[in-house]
Amino acid sequence: MNRPRILILNDDRRLLETRKMLLQDCGAEVFTARGSEESLRATLNDPVDLVLIDATNVGLEHGEKLCALVKSLRPPECIALLVKPEIGIPTETIADRVIHRTGPRRMLVEINELLDGRLDVELWEKKADDEDEDRSMGEPT
Amino acid sequence: MTRMKIVQWENQPERFLSAKQVLQQNMAAEHIAVGSAEAFRSSLESGPVDLVLASGSVLADAVAQLSALEEAEHRRIPLIAFVSTEDKSRLLATSDPIVFDVIDISELDRLPFSVTRAVALNNSREATNSELEAAKELLLSSQKSVAIGRLLVSIAHEINNPLEAIANLLFLGQRNVSDPEQVARCLRMAEGELQRVGDITKQILHFHRDTKTVQEVRLDDVLESIVSLYRNRLEMRQIEIVRQYRSQASILAHPGELRQAFSNLVANAIDAMPHGGKLTLRLRDTRHCKPSVTIADQGHGIAPEALPRLGELLFTTKGEGGTGFGLWVTYQILKKYGASVRVHSSTRLGRSGTTFMLCFSDSDSVVVKREDESLSQMSPRDPLARVGRDDRGTLEGGHNAKTA
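Quick mapping for you: the protein sequence lines, in order, are chains A and B. Once you know that position 108 of the first sequence is 1513 in this note's numbering, the rest is easy, because the numbers rise by one and skip nothing. Once you know that position 215 of the second sequence is 1024 in this note's numbering, the rest is easy, because the numbers rise by one and skip nothing.
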């Protein structure tokens, strides 16, 4: 299976780095860019499978602008927009999926769905299954 | 029904008796006569007085005493001039707001109605003033809530990123538990992020720690504490700080208030530069400003029509993202310290930006002066605030500050 190519946009260098490590660990080829239109234009030379835009850092309005820019430059590319968990999912958004920023597990599951299961999340899924099993064993019968 | 208390300063006993008779026939009132300035003062001090009647010869003294009382205690007692027919036309020309009515002896029948109306209107005015005071208190309390809200938002905003980075690293460590090197790397990085959380909370708490006493505050220290607070946000937006500290001035102030005033300006500058730029912080002594503080950004600028409204309560240029409190609070604090504000802004593409110049000075001859009538009309909320537009039809002349 081809490695999925993901572009992450975020203004926080250290958060960007850990997200990159995480997605690389799940088998993705990861590119990063700051959350500005200029840096996005510069990184869209090569096609990617998914653009992950963190609206919690760049702001929802600007995040939507970046989504529109991606769609105008590369219409087929899939966009996931990360938003604060305390806000509702915006009903009118250009993004293909809006993900509440609640941690790595949720983000990976949703991104994996968007990529039709191309991420290698087996280890995590196995661990999650084991945890479910442990919990069910502990429940009173 | 409570009895109205009326004090009549009168030198002619027959006029007092006439007034007393007509008032007693029409209302429940305690009616006291006084004949001297001392007696009048004592009567005002002895308890609440609803209305004063004064004859023409003592009217000026009575008005003076009531005005002093109003200034000292923010309590107005209405006065009706009860005068001779000859005095009436002369007194009608005077227009002191304390004098509710001028009645001459031939209009005695009108006195009860005028007294009732004066007292009712004054009570209504007092009630309105109380409501205004209550509203002011509420506003100040809201201002505190807004400040606390901003603190919470700023903490949440600043620590969410390192917290998620830690979550990512711990998750990554779990996934790679069989690779000790990778686990160790993740833990090292997570420790660094935890340190970052600690630093941020320390900075924020230090920043918002307020002292109750006025003290000598170095303005460069205040500016540096703000830079430190916003370091992460500045770094994220790739904003370059240009420091031009050419004065080591300090002023007597509450440090927390100055931090709040300046940090609102810096936060606005950061908001105006989502894609980076230069933020200039300048501190210097000029002939009229000792010191002068300049905070200049290269952001999108402020629309000309919005400039005159800066500092107005609840006015914001940030749409739903703004509260309309920040700049208002800044202006109120600066006003308290006698500082004047000049604003220059340009929205011209490639040269856009906004500059706030704050002038702290004990020399009010130049700084406090309004530059022209149109300016003062544009900014009626704060006569000290002056507004200018850079590059296009500048509204004030004679200054050389430019946007950075």
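Honestly, I wouldn't trust all of these hints.
[To be verified] Mimicking DSS-like on lysine-lysine, the simulated pairs with C-alpha atoms at most 27 Å apart in a straight line are:
id : chain 1 : residue 1 : chain 2 : residue 2
1  : B       : K945      : B       : K1145
2  : A       : K1489     : B       : K1011
3  : B       : K1011     : B       : K945
4  : B       : K945      : B       : K1087
5  : B       : K1087     : A       : K1470
6  : A       : K1425     : A       : K1470
The set of hints was computed from the structure by calculation and includes no laboratory data. As the structure is a computational prediction, the values presented were derived from the model and not from experiment.
Verification of the supplied hints:
| no. | hint | result |
| --- | --- | --- |
| 1 | K945(B) / K1145(B) | holds (17 Å) |
| 2 | K1489(A) / K1011(B) | holds (24 Å) |
| 3 | K1011(B) / K945(B) | violated (33 Å) |
| 4 | K945(B) / K1087(B) | violated (38 Å) |
| 5 | K1087(B) / K1470(A) | holds (23 Å) |
| 6 | K1425(A) / K1470(A) | holds (23 Å) |
In the structure shown, a violation is registered for the earlier hints numbered 3, 4, in ascending order.
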